[in-house]
Amino acid sequence: MSLRERLRAALKEPLVHFLLAGLALFLFFAWRGDAVDPESRTITITEQQVERLAASWAQTWQRPPAQDEIDGLIRDYVKEEVYYREGLRMGLDQDDTIIRRRIRSKMEFLASSELENEAPDDATLQALLDKNPQAYAADARYSFDQIYLAAQDGAAAGAAEMLAALNKGADWQKLGDAISLPRSPEAVDRTRIATEFGEDFAASLAGIKPGQWAGPVPSGFGLHLVRMRKVEASAKPKLAEVRQKLENDWRAQTVKDREAKAYQTLLDSYTIRIAKP
Amino acid sequence: MITAKLVESVWAQHVATVERYNQPGKFTAFIGYEFTSLVKGNNLHRIVVFRDGVEKFGKTMPFTALDSKDPEDLWKWFANYEQTTGGQVLGIPHNGNLSNGMMFALNDFKGGPLTADYARRRQYWEPLTEIVQAKGESESHPFLSPNDEFANFGKAGWDVGNLDLSATKTNDMFASEYAREALKRGLMLEAKLGINPFKFGMIGAGDIHTGLSTSEENNHLGETFILEPSAERAMRTEKRGSITRFGWQSLAAGLAAVWAKENTREAIFDAMRRREVYATTGTRLQVRLFGGWDFSERDLKGNWVKQGYARGVPMGGDLRPATSKAPSFIISALKDATGANLDRIQIIKGWVDASGQTHERIFNVAWSSPETRKVSKDGRLTAVGDTVDLKTATYSNSIGAVELRTVWRDPEFKPGVRAFYYARVLEIPTPRWPAYDAARYQFALPDGVKAESQERAYTSPIWYSPKVAP
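Sequence order for the protein chains is A and B.
First residue of the first sequence: 1, per my numbering; consecutive thereafter.
First residue of the second sequence: 278, per my numbering; consecutive thereafter.
Incorrect hints may have been included.
Lysine-lysine pairs mimicking BS3-like chemistry, simulated, CA-CA at most 30 Å apart [said to hold, decoys possible]: (1) A:Lys-106 x B:Lys-317; (2) A:Lys-79 x B:Lys-353; (3) B:Lys-282 x A:Lys-106; (4) B:Lys-602 x B:Lys-691; (5) A:Lys-168 x B:Lys-578; (6) A:Lys-131 x B:Lys-303; (7) B:Lys-651 x B:Lys-727; (8) A:Lys-79 x B:Lys-346.
Every beta carbon over 12 Å from chain A, so not counted as near; a handful from chain B, in silico [said to hold, decoys possible]: (9) Gly-378; (10) Pro-390; (11) Ala-587; (12) Leu-658.
Read the hints as simulated data drawn from the structure, not as lab findings.
Ideal placement from N, C-alpha and C gives every residue a C-beta, glycine not left out.
Just need the whole structure built from these sequences, with the hints factored in.
Below you can see the structure in the form of structure tokens.
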């Protein structure tokens with residue numbers, strides 16, 4: 001193998017590429033005249049830093065790291081620091097969407113993080129409740145009997161006759177088609193009924209008075225004859241019953257407000273010039 | 278060091294938020310996170326779910342893919358968490374389909390052989406696998422199951438490369454990516470190691486990054502904010518090298534269904550741990566599966582759920598010791614209250630023979646309109662039909678059944694052969710979300726776009742072992 005061939009083969013090696021690229025960068029910086037500060041090529045790990053590494057490890061593993069584990073953490077930290085510094089020297093932190101977003105979200109978080117330690121007083125929550133009681137009202141709860149009639153696409157096959165018979169005292173337990181749905185739901189809230197029978201069926205229940213058999217009421221399964229037994233209407237909730245939900249909503253809204261305010265304060269100190277093409 | 282403090286307080290705030298929204302009996306919020314291990318673009322993600330509230334969880338900081346990419350290190354951390362806090366945790370791998378052969382590989386993360394110890398830990402720490410979400414379905418693949426006419430659900434675009442499309446996929450990778458094959462290989466490994474590393478139940482999930490639970494096709498609000506409804510999103514492309522992935526290839530979402538006695542962290546977690554769960558492709562159909570030795574059609578006349586638990590085991594369990602010549606199963610499915618009718622219930626059986634060879638077979642066990650639809654000699658059932666109108670993105674429940682239920686006895690049972698059984702329930706064909714987009718924004722879907730599908734549920738398996746599993 002001639003020298004030239006050897007050189008050509010060597011140039012195909014990835015490691016050689018890496019070294020050449022490194023050399024090129026080094027030459028570039030040397031040429032640009034940015035002298036590398038020898039201090040910035042010194043990495044000093046202080047005792048406090050070691051303690052911090054160990055403490056963070058301990059929080060994940062619930063025990064302090066052993067000596068070899070500490071050594072591993074330090075090795076990893078040094079590696080990260082070397083790459084980090086060299087990366088900064090090369091300007092790799094510039095124009096990086098991920099780094100920019102990350103710093104932005106840290107700032108946004110800082111604006112509202114103090115909120116964690118705050119709790120709103122009763123008056124604040126009561127005002128929130130009074131403003132929109134409907135949003136905090138408990139679901140209506142229904143107790144009823146239902147007979148299922150298998151009917152494709154809502155055909156009311158025989159439902160009217162069955163209804164007449166029922167209201168004359170026919171035994172409802174013996175009527176209807178089999179299906180895996182509860183026949184006599186007991187004090188079930190509207191949301192749950194909508195999940196099991198479908199939204200349309202749940203909405204229909206509000207119009208059925210307790211006492212007589214009524215229907216047919218369509219659901220996603222077919223038709224139902226329904227005898228309402230008891231309706232517990234949704235009432236205006238008391239503060240104590242919905243306190244957590246009120247507090248959650250207060251917190252979510254306050255986070256938004258504080259972020260907006262913090263941003264506005266910062267923005268006010270800037271002059272923004274926009275050249276539109 | 279302000280950053281270290283910030284990370285701590287972000288996590289503490291997250292945990293506090295979960296606590297504030299968890300309402301036992303009404304709305305369950307779990308403390309959890311994602312272990313996002315990615316190896317050269319190959320997806321090894323795990324969802325991590327804790328059973329505990331903050332009183333046990335305390336100030337625990339999560340173990341993330343920044344600490345290690347090796348799932349065995351995650352399990353080590355799980356064990357440590359349980360020992361030090363007295364709490365409980367489990368991991369759920371997802372998107373085996375984007376792991377380029379790594380998710381259910383026949384070697385460990387470092388390349389070493391699977392051992393009994395590995396199998397024991399994997400089975401314990403990862404009792405579930407997520408098989409459906411926006412980024413495709415990972416239950417079965419037509420390459421692995423050429424006789425399964427329904428194995429092609431959610432494959433287009435997802436079976437061509439790994440997660441970030443940095444590497445193409447080759448046929449030899451499929452076997453260690455898909456759940457059904459892993460379940461079969463699990464039996465083979467159990468024969469060899471004495472314990473099955475791939476003994477998992479199956480769930481679906483959203484992967485929806487918007488915080489909205491909109492899993493249906495007609496309310497698909499997109500996996501991320503850039504995929505919100507528009508006339509363009511179906512044809513959005515993600516391109517890398519020679520591979521292109523299209524927006525329409527995303528699935529709307531999957532759902533995890535859990536058979537728990539209460540809507541609480543404890544009850545739901547315990548059900549997940551015993552694998553009493555099933556996966557759906559986004560619809561809320563109700564599916565039951567019980568395995569025993571003496572179920573018969575007569576049971577269906579009475580309280581069969583009670584009998585199912587009393588004389589058998591539910592999905593996710595191990596068949597009890599044999600008391601008859603073949604196991605029988607109660608299988609029941611009720612349609613989604615606001616969704617499509619049902620086409621059929623199938624039982625998928627996998628087994629391993631004495632030579633270590635794995636097999637699978639699909640049995641059609643219950644279907645709509647049995648008077649007109651028949652099973653042919655090769656085991657195929659007449660198709661249910663198709664009422665989808667793509668112009669309006671509508672369908673009609675004039676075909677299919679509201680509820681299907683049967684008792685099925687394995688006609689090919691061999692007492693000496695390890696096997697598993699799970700149910701797959703298919704709905705009638707319905708429009709997919711791109712079809713709703715096309716109808717709403719008034720544009721024509723280009724050729725090749727999959728505009729309709731048969732949504733479905735897959736239960737966790739019930740296993741049979743000649744020697745009862747420990």
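Worksheet item: Since Gly-378 (chain B) was said not to touch the interface, does its Cβ keep a gap of more than 12 Å from each Cβ of chain A?
Response: holds (24 Å)
Discussion item. Against the 30 Å threshold, does the CA-CA distance of Lys-131 (chain A) and Lys-303 (chain B) hold or violate the hint?
Written reply: holds (24 Å)
Practice prompt. Could you check that no beta carbon of chain A comes within 12 Å of the beta carbon of Pro-390 (chain B)?
Written response: At roughly 26 Å from the nearest Cβ of chain A, Pro-390 (chain B) sits farther out than 12 Å, so the non-interface label holds.
Item to complete: Would you check the hint for Lys-602 (chain B) and Lys-691 (chain B), treating anything up to 30 Å between C-alpha atoms as holding?
Response: holds (9 Å)
Worksheet item: Is Lys-79 (chain A) close enough to Lys-353 (chain B), meaning Cα to Cα at most 30 Å?
Response: holds (25 Å)
Practice prompt. Starting from Lys-168 (chain A), check that the Cα of Lys-578 (chain B) is at most 30 Å away, please.
Written response: At roughly 28 Å apart (the allowed maximum being 30 Å), Lys-578 (chain B) and Lys-168 (chain A) satisfy the hint.
Fill in: Restraint check for Lys-79 (chain A) with Lys-346 (chain B), where alpha carbons must lie at most 30 Å apart
Since the Cα atoms of Lys-79 (chain A) and Lys-346 (chain B) sit roughly 18 Å apart, the hinted pair holds (cutoff 30 Å).
Worksheet item: Holds or violated: are the alpha carbons of Lys-106 (chain A) and Lys-317 (chain B) at most 30 Å from each other?
Response: holds (28 Å)
Worksheet item: Is the Cβ of Leu-658 (chain B) farther than 12 Å from every Cβ of chain A?
Response: holds (21 Å)
Worksheet item: Given the proposed pairing of Lys-651 (chain B) with Lys-727 (chain B), does the C-alpha separation stay at or below 30 Å?
Response: Judged against 30 Å, a Cα distance of about 27 Å means the pair holds.
Item to complete: Below or equal to 30 Å on CA atoms is what counts here, so check Lys-282 (chain B) against Lys-106 (chain A).
Response: holds (11 Å)
Worksheet entry | 12 Å Cβ clearance of Ala-587 (chain B) from chain A | Its Cβ never comes within 12 Å of chain A, the nearest being 18 Å, so this holds.
Hint compliance for this structure: every hint is met.
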